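Protein chains in written order, with the working numbering: chain A, 1 to 93; chain B, 94 to 235.
In case anyone wonders, no lab produced these hints; they're calculated from the structure. There could be a bad hint or two in this list.
In silico lysine-lysine, DSS-like type, Cα no more than 27 angstroms apart, as pairs [what the hints assert, rightly or not]:
hint, chain 1, residue 1, chain 2, residue 2
1, B, Lys213, B, Lys225
2, A, Lys80, B, Lys223
3, A, Lys80, B, Lys99
4, A, Lys19, B, Lys109
5, B, Lys174, B, Lys194
6, A, Lys17, A, Lys84
7, A, Lys80, B, Lys174
8, B, Lys146, B, Lys223
Each pair of labels, with its calculated beta carbon distance range [as the list claims (entries may be wrong)]:
hint, chain 1, residue 1, chain 2, residue 2, range
9, B, Asp217, A, Pro55, 20 to 30 angstroms
10, B, Gln113, A, Ala2, 46 to 56 angstroms
11, B, Lys213, A, Lys17, 17 to 27 angstroms
12, B, Ser154, A, Arg9, 29 to 39 angstroms
13, B, Thr229, A, Gly60, 22 to 32 angstroms
14, A, Phe41, B, Ser154, 18 to 28 angstroms
15, A, Arg15, B, Asp206, 16 to 26 angstroms
16, B, Ser224, A, Pro40, 52 to 62 angstroms
17, B, Ile215, A, Val79, 35 to 45 angstroms
18, A, Phe41, B, Thr176, 22 to 32 angstroms
19, B, Asp161, A, Met56, 14 to 24 angstroms
20, B, Gln113, A, Arg15, 13 to 23 angstroms
21, B, Thr176, A, Pro30, 52 to 62 angstroms
The following residues of chain B were derived to be distant from chain A, with all beta-carbon distances above 12 angstroms [said to hold, decoys possible]:
hint, residue
22, Arg170
23, Lys194
24, Asn201
The structure presented is a predicted model; accordingly, all values stated were derived computationally and were not measured. Cβ atoms here follow ideal geometry from the backbone N, Cα and C, with glycine treated the same way.
The lines below spell out each chain.
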Amino acid sequence: MAPSIISLRIQKDNRFKLKLWLPVFILWPPAIILFLMIAPFLLIAEAVLALRGTPMHLFGMLGGLVSVLFSLRGTLVNVKSPRKDALVMVKIY
Amino acid sequence: MSEERKRILSMLAKGKISEQEAEELIEAIGNQGGEGQGQGADESGGAKPKNVKYLYVKVMSSANDNVDVRVPLGIIRAGMKLTSLIPSQAMEHINSAMHEKGMKFDFNNFKPDDIEELIKNIADMEVNVKSKDGDTVRVYCG
């Protein structure tokens, strides 16, 4: 399943506080449209590369990259230092 | 996307709940899913292989500084599948470069079954490091 939200929290010395909630699910529909737009060019590029004797699976690579991106869901990075009063937190939902 | 998740996101979009509340609700849904899987494994009497989903790295210093990292194991599967798409010419370069550095890997020999076996066996892996100063590092899957 695609990541839907990225939550980012950075805090330092009680002076600097950043709390971001990025709704990445908004990006998926435009990404699908973009893919449909570039798909014919990818097909042509794949055919040209195959004719030149250096075949590359561009669609497969794109699919692979998307699956890496999709598998990022559930990632959590949490760094806390009460001594320095610092916090960095990244969560991908 | 599950129904519950969609409902939470629409409530958030409509301003019915705060970001913090949405975060907590989504986390609660995730936990419920995890508990359900765990119960399934118990019912089978432990015969089923562990359904591990994440690799955890926890670092705790004596000064109370903490680092918690949780990486989904699915990324290993996805990353290894990506290597199978690398053109053969490039793969030869990678393999020879690895050999030069003393790592005798041959990525051509990696098969999807090997990856599944690797992920299955990684479930029992646990690394515990404790220093004299009281710093600890723990790497495990769950």
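Results for each hint:
1. B/Lys213 to B/Lys225: Given that 27 angstroms is the threshold and the Cα spacing comes to 33 angstroms, the pair is violated.
2. A/Lys80 to B/Lys223: Given pair A/Lys80, B/Lys223 holds - Cα atoms ~19 angstroms apart, limit 27 angstroms.
3. A/Lys80 to B/Lys99: violated, 31 angstroms
4. A/Lys19 to B/Lys109: Roughly 19 angstroms separates the two Cα atoms, so the pair holds.
5. B/Lys174 to B/Lys194: holds, 24 angstroms
6. A/Lys17 to A/Lys84: holds, 14 angstroms
7. A/Lys80 to B/Lys174: violated, 34 angstroms
8. B/Lys146 to B/Lys223: Holds. B/Lys146 to B/Lys223 sits at ~25 angstroms (cutoff 27 angstroms).
9. B/Asp217 to A/Pro55: 20 to 30 angstroms: violated, 40 angstroms
10. B/Gln113 to A/Ala2: 46 to 56 angstroms: Cβ of B/Gln113 to Cβ of A/Ala2: about 23 angstroms, so the range 46 to 56 angstroms is violated.
11. B/Lys213 to A/Lys17: 17 to 27 angstroms: At roughly 43 angstroms between Cβ atoms, A/Lys17 and B/Lys213 fall outside 17 to 27 angstroms, so the hint is violated.
12. B/Ser154 to A/Arg9: 29 to 39 angstroms: Since B/Ser154 and A/Arg9 have Cβ atoms about 20 angstroms apart, the given range 29 to 39 angstroms is violated.
13. B/Thr229 to A/Gly60: 22 to 32 angstroms: Once the Cβ atoms are compared, 42 angstroms apart, the range 22 to 32 angstroms for A/Gly60 and B/Thr229 is violated.
14. A/Phe41 to B/Ser154: 18 to 28 angstroms: At 51 angstroms between Cβs, range violated.
15. A/Arg15 to B/Asp206: 16 to 26 angstroms: violated, 53 angstroms
16. B/Ser224 to A/Pro40: 52 to 62 angstroms: 58 angstroms Cβ-Cβ, so the 52 to 62 angstroms window holds.
17. B/Ile215 to A/Val79: 35 to 45 angstroms: With a Cβ separation near 24 angstroms, B/Ile215 and A/Val79 fall outside 35 to 45 angstroms, so the hint is violated.
18. A/Phe41 to B/Thr176: 22 to 32 angstroms: Given about 25 angstroms between the Cβ atoms, the range holds.
19. B/Asp161 to A/Met56: 14 to 24 angstroms: violated, 39 angstroms
20. B/Gln113 to A/Arg15: 13 to 23 angstroms: holds, 21 angstroms
21. B/Thr176 to A/Pro30: 52 to 62 angstroms: Between B/Thr176 and A/Pro30, where Cβ atoms are some 29 angstroms apart, the hint is violated.
22. Arg170: B/Arg170 not clear of chain A: closest Cβ-Cβ about 7 angstroms, inside 12 angstroms.
23. Lys194: Given a closest Cβ separation of 24 angstroms, the condition holds.
24. Asn201: holds, 15 angstroms
In terms of the numbered hints stated before, the structure departs from hints 1, 3, 7, 9, 10, 11, 12, 13, 14, 15, 17, 19, 21, 22, listed from lowest to highest.
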